[in-house]
Every structure is written in structure tokens, then in C-alpha cells.
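Residue numbers (the numbering used here), protein chains in the order written: chain A, 1 to 556; chain B, 1 to 106; chain C, 1 to 173.
Read the hints as simulated data drawn from the structure, not as lab findings.
In silico contact screen, one side only, chain A against chain C (beta carbon under 8 Å); selected entries:
#1 Gln18
#2 Ser21
#3 Gln22
#4 Ser30
#5 Leu155
#6 Pro157
#7 Glu160
#8 Arg236
#9 Asn239
#10 Arg244
#11 His274
#12 Gln285
Note that the Cβ used here is the ideal one computed from N, Cα and C, for glycine as well.
The chain contents come next:
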Amino acid sequence: MYRYDEFDERLVRERVAQFASQVARRIDGSLTDAEFLPLRLKNGLYLQLHSYMLRIAVPYGTLHARQLRQLARIADEYDRGYGHFTTRTNLQFNWSKLKDVPTVLGLLADVEMHCIQTSGNCIRNVTADHFAGVAHDEIEDPRPIAELIRQWSTLHPEFEWLGRKFKIAVSGATHDRAVVKSHDLGVRIVRDPASGETGYEILVGGGLGRTPFAAKVLREFLPREDLLAYLEAVLRVYNLEGRRDNKFKARLKILVHELGIEALRALVEEEFAHIDKARVNADPQEQARIAAYFAPPAYEDLPEVSRKLEDAQIRDPELARFVEHNLFRHKKRGYTAVTISLKPIGGTPGDITSEQMRAVADLAEKYSFDELRVTHAQNLVLPNVKLDDVAEVYEALKAHDLATANIGRITDIISCPGLDYCSLATARSIPIAQVLSHHFADPEKQKQIGEVSIKISGCINACGHHHVGNIGILGLEKKGVESYQITVGGDPSENYALGELLGPGVPAEYVPEAVDKVVSVYLAERQQGETFIETYRRIGLAPFKAAFKEIADVAA
Amino acid sequence: MAAVKRPPLPVILVANDLLEGDVVFATADGWSRDPRQAKVAQDDAAAQALEAFAAREFLHARVVGATLVDVELRDGAPVPRHIREAIRALGPSTRPDLGKQADFQI
Amino acid sequence: MLLLDREGAKADLWTRVETLDISADKVIVPSALLQDALAARRPGQQIGVAIDNTERAAALEPYFGALALVVIAFPTGYNGRGFSIARQLRERGFSGLLRASGPLVSDQFPHALACGFDEIELPDASAERQPVEQWLAAAARISLNYQRGYNYGAVANILEQRRAARRAGAANV
Ligand code: HEM
Ligand code: SF4
Numbered sequence: 001m002y003r004y005d006e007f008d009e010r011l012v013r014e015r016v017a018q019f020a021s022q023v024a025r026r027i028d029g030s031l032t033d034a035e036f037l038p039l040r041l042k043n044g045l046y047l048q049l050h051s052y053m054l055r056i057a058v059p060y061g062t063l064h065a066r067q068l069r070q071l072a073r074i075a076d077e078y079d080r081g082y083g084h085f086t087t088r089t090n091l092q093f094n095w096s097k098l099k100d101v102p103t104v105l106g107l108l109a110d111v112e113m114h115c116i117q118t119s120g121n122c123i124r125n126v127t128a129d130h131f132a133g134v135a136h137d138e139i140e141d142p143r144p145i146a147e148l149i150r151q152w153s154t155l156h157p158e159f160e161w162l163g164r165k166f167k168i169a170v171s172g173a174t175h176d177r178a179v180v181k182s183h184d185l186g187v188r189i190v191r192d193p194a195s196g197e198t199g200y201e202i203l204v205g206g207g208l209g210r211t212p213f214a215a216k217v218l219r220e221f222l223p224r225e226d227l228l229a230y231l232e233a234v235l236r237v238y239n240l241e242g243r244r245d246n247k248f249k250a251r252l253k254i255l256v257h258e259l260g261i262e263a264l265r266a267l268v269e270e271e272f273a274h275i276d277k278a279r280v281n282a283d284p285q286e287q288a289r290i291a292a293y294f295a296p297p298a299y300e301d302l303p304e305v306s307r308k309l310e311d312a313q314i315r316d317p318e319l320a321r322f323v324e325h326n327l328f329r330h331k332k333r334g335y336t337a338v339t340i341s342l343k344p345i346g347g348t349p350g351d352i353t354s355e356q357m358r359a360v361a362d363l364a365e366k367y368s369f370d371e372l373r374v375t376h377a378q379n380l381v382l383p384n385v386k387l388d389d390v391a392e393v394y395e396a397l398k399a400h401d402l403a404t405a406n407i408g409r410i411t412d413i414i415s416c417p418g419l420d421y422c423s424l425a426t427a428r429s430i431p432i433a434q435v436l437s438h439h440f441a442d443p444e445k446q447k448q449i450g451e452v453s454i455k456i457s458g459c460i461n462a463c464g465h466h467h468v469g470n471i472g473i474l475g476l477e478k479k480g481v482e483s484y485q486i487t488v489g490g491d492p493s494e495n496y497a498l499g500e501l502l503g504p505g506v507p508a509e510y511v512p513e514a515v516d517k518v519v520s521v522y523l524a525e526r527q528q529g530e531t532f533i534e535t536y537r538r539i540g541l542a543p544f545k546a547a548f549k550e551i552a553d554v555a556a
Numbered sequence: 001m002a003a004v005k006r007p008p009l010p011v012i013l014v015a016n017d018l019l020e021g022d023v024v025f026a027t028a029d030g031w032s033r034d035p036r037q038a039k040v041a042q043d044d045a046a047a048q049a050l051e052a053f054a055a056r057e058f059l060h061a062r063v064v065g066a067t068l069v070d071v072e073l074r075d076g077a078p079v080p081r082h083i084r085e086a087i088r089a090l091g092p093s094t095r096p097d098l099g100k101q102a103d104f105q106i
Numbered sequence: 001m002l003l004l005d006r007e008g009a010k011a012d013l014w015t016r017v018e019t020l021d022i023s024a025d026k027v028i029v030p031s032a033l034l035q036d037a038l039a040a041r042r043p044g045q046q047i048g049v050a051i052d053n054t055e056r057a058a059a060l061e062p063y064f065g066a067l068a069l070v071v072i073a074f075p076t077g078y079n080g081r082g083f084s085i086a087r088q089l090r091e092r093g094f095s096g097l098l099r100a101s102g103p104l105v106s107d108q109f110p111h112a113l114a115c116g117f118d119e120i121e122l123p124d125a126s127a128e129r130q131p132v133e134q135w136l137a138a139a140a141r142i143s144l145n146y147q148r149g150y151n152y153g154a155v156a157n158i159l160e161q162r163r164a165a166r167r168a169g170a171a172n173v
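Only chain A is shown next, with the shape it has when bound in the complex:
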């Protein structure tokens, strides 16, 4: 994992002092509220329904034990004993006080963390494949360039005041686990078929929200050394040409849509040609310096199969279920990546208590080379666990209500905070997630349904990724009452697709039945081995729509 050097550390400390000064100047009247608002947002501080909310960056979803323990301490001393992991792999505290924030930022700086650019119209926290560095299907570990981009985008003087937020995701695997196509800019590590060299495919103009678009390829192959100069060209073109007349049309996706990808490419290439690349790019030694932090840990040579784990599974069917659902194939023989579900039945997706944070930190230290990941699906990962240790890890997780065996299953629901916390919400989303989780709690039923994703947002902004849920749920307000629109067919992977609407919105109490109908269509129609999304692609929207109509008609 990357560790700060003296320069990284000094910059973050200076940024803490800067924020303290901004707060002081807001109080003494030097800054108006309108001037202060973007400044506090650039430091991840929102004003929510009940309180301020502080969003802490977890760059490319990577954490170590000491950091998670510090987050637990902040949760206990400055919040209400819990935090919420988001689809952008950040952590949110829901009960912050403005007057405490400079102190909290100092505590974060103590463990090489910050809230820089976790909100506001600037380049946001870079996200990555949560199995980066350990995935069996990886061309190259994307974390070194994620860190390079993190540094480059941090307090970038030219791009601090963009027309709108700008989100970057990176992936180095063939299978896209980072929802690359929903980002303003995606970087995919690819191999040039001719030379065998790795380089980058650059995608732009993705986004969810009120006008969802899939990102398009801007550059098929960018040589490694030119990454920063090329990003600079893209950002400059966006900063200059992106719309500023309408907040809802200010994202890069709208520029791509209005100009067309060819015209945008011409502008970017022209700008790129003007940039003095030697002056802007990171030198190879700097890239190597960063990459060295991500060298594989001291893995042992182990057999492919763990007898110990096999035997334990025979004794404990629940462990077997956990192994079946929550383990991911590691590139190193004898190891596995264990996903810790933050989706207990009936829980709040992504929420974790301080006590659980400490327990997970202990496990990371003891069993995973001190490493942890946050996934965009609001779960945690122990990326480097010996198969031999899985049973012990499972027992420890169980003791803290963290052993739910449902990764990728219907109860592994993504949900934004919705109207229970969010001041932009039009409806609640957490209670919907909870009801559905109870509804599909039976492990046998989950197993029968197999892989399917439910994603819920409490308003059109789509923080809960509902557009790319196999089943997407969007909470709206209809005549003062919460109402939920359901889509099917969304897919966040390399087969990226936006879901299609089943029909009119229904009140909350009809949602479980409606989802049930959708699932029943799949179960009735599926052919041997098909997942939900595969069946949907084969049979299309119509059967789902027809089944949903029965519910919608009753609801109406």
C-alpha cells in the first residue's frame, strides 16, 4: 500500500490548516455563506437533513488497519459510533459538527487520510477495481496509476473550479468491477496487441444522475508515460468548453453528447499536441517509486486446495455457504480475497459500527497483510487471506455480525442514504432495502435466485446506481407521497447497460411484491445456468413489464 512521504504529509497538514482558516473566515464574515459553501464541499462537508455530514476519501478503496481504527475512534468521539461506506468507496459520518471538523481532519492526517475533493466541482476521489492487485483476471495492478492520479488531481490549481464534479475510475482487469463506464473519465489498462506493451484505454462522458450516459472511448491506446499530459488535455477542454449555464448540463457527459465524441477527440488531441509533455508527465522514476509500494506482499507458497478449509466446510454448512458466496479467486495460489458483507439481513447497506471497524482492522492485520478494500457495492474486502485461515476469519466475522453470506446475491443491495439523511432526497431508500432484504432473507431462496443486483437511489441523482442495477429502484415523490419506479436490465460491468422502466411508480408497500414478480419471471423463464441479466437479455423487457403491470394496476 502507498505510504505518505514527508511531502504528502505536509500538504495534507497544510490543507487542514487551510480549512480551519476557512471556517474562521466564515464565522468572522470575511466569507459569505455562498463563498464558504464550495470551500466546505471541497473538503467533503455537506449540510444534510439532520446535521453536517463529513465524507472521507478512501482513495481507490484502499485502507489499512490503523486507518480503520482511527475511523472507529472518530466515529466514537466525534460522531454517533458508526459510518456509512458509499458507492464511491468513501466513508461518510452523518453527525458531524462544523466546529469539530478541523480537529477530525487532523486525526485523519495522523493516519494519512483526508477529505480533500470528496465533493464539489472538482476532480473527485479516484476509484478502482476493489480486487486490484489480487484479481486472477488482471492485466496489471491499477493502484499505481490510481495513486499517481490521486496526487496529480489533488489541489490541481487549474481544475479546482470546474463546471461540475469530475469522477475518475481505473481498472486493470478484463472484467470491469469499477463501473468504469459510469464515470466522467475511465482508465482501462490494456495490452497493445502489436507490441505487447501495456497502456491505457481512455473513456469519457459516462455518468448516472438525471441524464445517464455510458462512457465512450476517447483514445484506444495511450502510452503509459503520457497519462498525466493526456488527462490534463481532457480536463482543460472540459473546463473551457463544458457548459456553465445550467448546472444539470455541466457534466462532461453533456459536452460529449452535444459535441459528439469525434469533435471532442479533435479538441483533446489538439490540446494534447500543445502540451509540453516532458514538463507535465511524471518521470518514470516517480512512477516506479509509487509502483514499488504496491509490490505483492510476502506470500507463502501454498497448495491450490486447503484441506483444512474443505474439512471445516463439511462440518459447517454455513461456512460452506460463506465460502461459496464471499470468496474471490486470488492470483496467488492458496490465497483468496474475502468480501465482508455490510448487508446483514434488515441492516442499512454500507453502515458499519465502530466496534465492527475495530474487529475488521484486527482481521486485516492478522490475516490479510494489513490490507483492506472498500467496494463500490458498499462492502469491505480482506484481499489477501490464506485459504487455510478462512474458517477462522469466518468465525471472527460471525462474532461481529459481519459474516452474512450474500455477496452478489439479491440481498447484497446497494442503497444511498435517501430521505432518512439526505436533503436532496425525494423518498427514503434504506427502508426499501431493509424490507427487500427481509423478503429475500431465506438462504435457500437466495441460492436459487443466484446472481442479481438490486440498487436503490432516493432521488434522480442516482447515488445508489439504480440505473445499472439488474433491478433498479428509484424513489420519487408523487403528490407528497413516496413512490418507487422500478427498472430492469441495468448492468455495471463491461456489458454496461442502463435499466429500462417497468411502468409507473408504486408506493413503498408494493415494492417487495413487484420485485417478487420480476424475480418470478426470471425463475420461470431461465434456461440452464442463466443469471438474471442473461435471461433478461434473451427474453427482453416485455414479460417483466407484463408481470409488473398486475402490481401497478392494483397499486393505482
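For chain A, the structure is supplied; the task is to place chains B and C with the ligands on it using the hints.
Just chains B and C with the ligands now, with coordinates in the frame of chain A:
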């Protein structure tokens, strides 16, 4: 920062404390964190007075986001009509142990 | 209006005109008049141009040699387009004075300087709340940056520092 459009009467004035972030309600003589203490404006003049108070308090950097919220009276206590404000006056519906519902046992 | 640079407040010696009445020694004209103003320029007279942030650096490129000042308007402080225009002007070789004009916030001063601006022209309403000392403090608050090629004044580039440290380390071996 007077409310742009006034909701139907009766109304209360709700804001966030600038330094704490807590939701606060204008009372007869300041602010309270307890929604039941909110001063209820039954007529235009009283609503206007709340707006004037909001503008002053905003200028003095004590609160932000002050808005008038329409309420109905239940057992003499004001309860916001709209679900958003109702949740704001109580706390997260999924966490009865948090927010005003817990602090004031509402 | 308050005019300031990294040394503090300064007198504005430039006169803005909207017509071709260019009698002053240092005049700022709108871009539509730039060509005529340059043609009518007296010896020793300096011409500057004021542009909106919808105008582009490339359009000024033919005049770089003759232009002494470019003023870029910031319609709001947080509309950051002007930063990219400034950066482009510098990258394409403009070496005259660069001025940002509009309701910027002091925390943006380091960004403006890093992108190549020399001075800020601030409306009175902003200057009353944010006196010069706040601007100077803001410029000094962050002493490092990661972005190569955006160096100014006392700000040290982290990548260059690391490179220097590597070189020193290698020399010591
Ligand atoms: C709590 C306060 C939050 C606010 C005020 C907020 C605000 C917004 C807004 C306005 C958008 C639409 C952006 C646009 O279309 O230009 C958006 C999108 C998004 N937000 Fe949030 N959000 C919040 C919380 C969250 C949470 C909790 C998550 C993760 C669970 C999240 C992740 C995202 C994602 C992934 C998108 C959609 C992707 C995109 O188009 O950028 N946000 N958010
Ligand atoms: S989707 Fe809407 S309700 Fe949910 S967190 Fe985002 S802004 Fe809030």
C-alpha cells in the same frame, strides 16, 4: 435569507445551527433543538416576524438554511406536514435511537 | 476595485476604454477593438486587452508580441474557466502581464498564480470582506504542489523535490 415562497399557515421556522449543524427551531426567544418548542406562526404577521428573525440570525452567522415549514398541531405541538420535514424534526426513520426522536423522546 | 499581486495592493495604472479613444499611456481595450488599437498605437504606449471567459487563448496568439496585458473576466469567483485560459496563454508563449478580474475568493489566489496570473482585480464588495492580508496569507498557506509545470514563487513541486532527493541519494551511494 427570507423564504422565497411562503408555505401555507401555520408555519414554524427551521434552520441548522451554523457551528453545530443541528436542526434548530425558532422559539419565542431564540432557538431550540426540540421541535415541540417551536413558535407557531398562525398568521402572516407572525410568519413575517419569523422571516425577519431568520434574516437577522443568518447575518450574524448563527444559523444557515432557515426556512418556514408548514405544520399541523397535534396535541398542541407543531408537526411538519411534509415527510421530509417530518423526518428532519424527528431523525432517521430507520434509527429511532438517533436524532430528536431519541434526544427528546418524541 | 482593489488591484493586488503577490506583493500586496498596487495602484492600477491602466485605463479601460470601450471605444478607440486611446489617449492614455496604458489602455485596456475589449478584444473586438484589439486589432485597431494595436494599429493606432503610439510609440511608448502599452495596449492591453480584456476578454470574457468565452474567448480563447488561441485568438490572441497572433498579438502576443505586441500585447502588454491580458485581463480575463471571472463572471463569478467559482467559474474556473479563466484558469485554463491563463494556463493556455502561458503555455503558448504569452509573457506579458495577466490579470484576473472578478469576485474571486482569497483561497483561489494560489490557483490563479499557479496558472500564470500576476494580479487580481477585485470588486469592492469582495475587497471589503477580504482585505489584502488575507490574500497574501492564502498565497503562503500551501507550500507544495503535485502538478509539474505549475510552479510559482515559494511553492515547491513535490515531484521535483522527490527527483532531487533521488539524485542526492544516488550521489551519496
Ligand atoms: C449525502 C449527500 C449526497 C449528496 C448531496 C449527493 C449529491 C449528488 C448529486 C447532486 C449527484 C448528481 C450529480 C450529477 O448528475 O451531476 C450525485 C451523483 C452521485 N453520487 Fe451522490 N450525493 C450524496 C451522497 C452520496 C452517497 C451516499 C453516495 C454513495 C452511496 C454517492 C455517490 C454518488 C454516485 C455514484 C453518483 C452518480 C454517478 C454520477 O453521475 O456522478 N453520493 N450525488
Ligand atoms: S441519490 Fe439522491 S437521495 Fe440518494 S444520496 Fe444521492 S442525492 Fe441523496
